[in-house]
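Visitor: The listed protein sequences derive, respectively, from chains A and B.
Position 48 (the first sequence) corresponds to 48 in the working numbering; numbering is contiguous.
Position 51 (the second sequence) corresponds to 321 in the working numbering; numbering is contiguous.
Possibly wrong hints are sitting among the right ones.
[Said to hold, decoys possible] In silico PhoX-like cross-links for lysine-lysine, where the CA-CA straight-line distance does not exceed 25 Å:
#1 Lys291/B x Lys268/A
#2 Lys173/A x Lys324/B
#3 Lys173/A x Lys282/B
#4 Lys282/B x Lys268/A
#5 Lys324/B x Lys270/A
#6 Lys360/B x Lys173/A
#7 Lys515/B x Lys492/B
#8 Lys346/B x Lys324/B
Calculated from the structure, these hints are not laboratory results.
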Amino acid sequence: MNNNFVKNLSRNLRGGYTIWYRDIVRFRRDRVRALSSLAMPVVYLFTFGSGLAPAMAEMGGGNVDFKQFMFPGVLTMTILFTSVFSAVSIVWDREFGFLKEVMVAPVSRIAVALGKVAGGTTIALLQGIIILFLAPILNISLSIDQLIVLICMMMLLALMMTSLGILIAARQKSMEGFHMLINFVLLPMFFLSGAFFPLRGVPAWMYFLSNIDPVTYGVDPLRQISLSGLVPVESLHTIAIRPLIVNVYMMIGFTVIFLIPAVWLFGKQK
Amino acid sequence: MGSIVVDHLERKFGSAVAVDKISFTVEPGEIFGFLGPNGAGKTTTINMLCTLLKLTSGRAIVNNYDVVECQSDVRKSIGIIFQDASLDDKLTGLENLQFHNMLYGLSHSDFQQKSLDLVRIVDLEDRVHEVVQNYSGGMKRRLEIARGLLHDPKILFLDEPTLGLDPQTRRHIWQYLITLRDNRGVTMFMTTHYMEEAEHCDRIAIIDNGQIVGLDTPANLKSMLGGDIITVDTSDNKLSFNKMKGLTDVQTRYGPNNDLIIETKRGDQFIPEMLSLLSGSDNSNIELKSVSLRQPTLEDVFIKLTGHTIRDYDPGNKEKVRSGMRRWKGR
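Construct the complete structure from the given sequences, taking the supplied hints into account.
Guide: As structure tokens, then:
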């Protein structure tokens, strides 16, 4: 199989591109989805953010507004859910037959899986970029340099979570387990990541879980970058968890850990 | 060499045998039908021939390519219409075709003309710019046929292509298929459990419990039966059976509803003979409930070969295979 993938590289690249292209066409068509996915982050940001702001006034030495603190969390939320959902759409395609059309095409399944990863990553990134337009409302000003690094981090997060989504969906036959997935995997991953509250001083068990939670390594850099212009360096140090580069390595590591078995499982012939 | 050559093809799901070492050859340019009840192994066979499913043992050659060793070549040379629609219903008809064009790495410049020709054949030229969601079942199936032909496959695989369609649409689909065979020389391998449809095929393999129990043209299969078919139901079928079993040129057996099925050359002449025989002089009081005379159909062939009708089917092995498949799919 690996041999085949390389031998017919140009055809497989085109095949992967086709899978990616389909995701983009569908995303463009579905404007409602793009807009409605904005609703949840906005609601969280302005209800939680405004509601908890007084209680959180001491945070970061009193230099960080809680809404600003939550902004990267909301960004993470958007990317996390969009990535995983678009990857899991493979299960829909399988249930409604479209996947068969792809599976019998003369394109390696590795290419199909990678095309799907690229599609999910792109869409999640686009959704995340839409959220970035909320930054000015929250008085978060980002320089071009910050923006570029931020978008790179968002892309890594999207890639990692799409890979996880493909891993979950690779052998799934029906959408039955979908709510289980949201309630027992995605929500805990999201909440333990420190997206909505600082992880300093949390109980040890929670700190441990947050350390094995891949999303933690996505929230941290997003937060460091989006707050770096606003907060004095010493306050930022009380909020940041790890150096940027450690987060990057961790995200790359998790991506590899998810992607290899995902592609393998997806490509295995029954 | 045949378009499809299958040699002792076998597929097991766990311990259940879905396809039991079958062998057959499909000749170029023919419509070859696989007739059998649900769960007989038709879809499993088609999935193996299309490289979607591993073989347990045996060999299958499609367009001179081995389905295990040359998967990519097999895929390029075949078109497939699945039992369930496999279109993206958020895209338009034309986009679905375009997507197929890209996926198969076909030339972009030929696409316009080719897709136009194909949607004309299936009468969809007015609707191709509409989202597939709005299509009827028949339109979807037609679009799938057009899509399956886009890369000029030599063989078209059709898994129950008319399932769930109304009779009129079914007739139309058949017209398209026959036109395709005659004008483009496309070889077709199809599965069906509709007897009437199997009649359109050039040759039929009757499959039951994963085994081929008969393979020939519809006419030859029907000629296996001795001429006409008379179905008789009496108050004492056992006694009637005993009375008739000695007759020459007449074959009597029990039917699936415990009635009697009689095969004979001239049914119209035999009925009076039978009546006098049954009402005979031995005071056995056989009362005749019903008699019918007809030409043999493939249904009769099926009953003769398998001992049951294609509809009321003993779920024994079928269920075993299905639950085996389910368990195995869940892995």
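Visitor: Of all the hints numbered above, which does this structure not satisfy? Sort the numbers upward.
Guide: none
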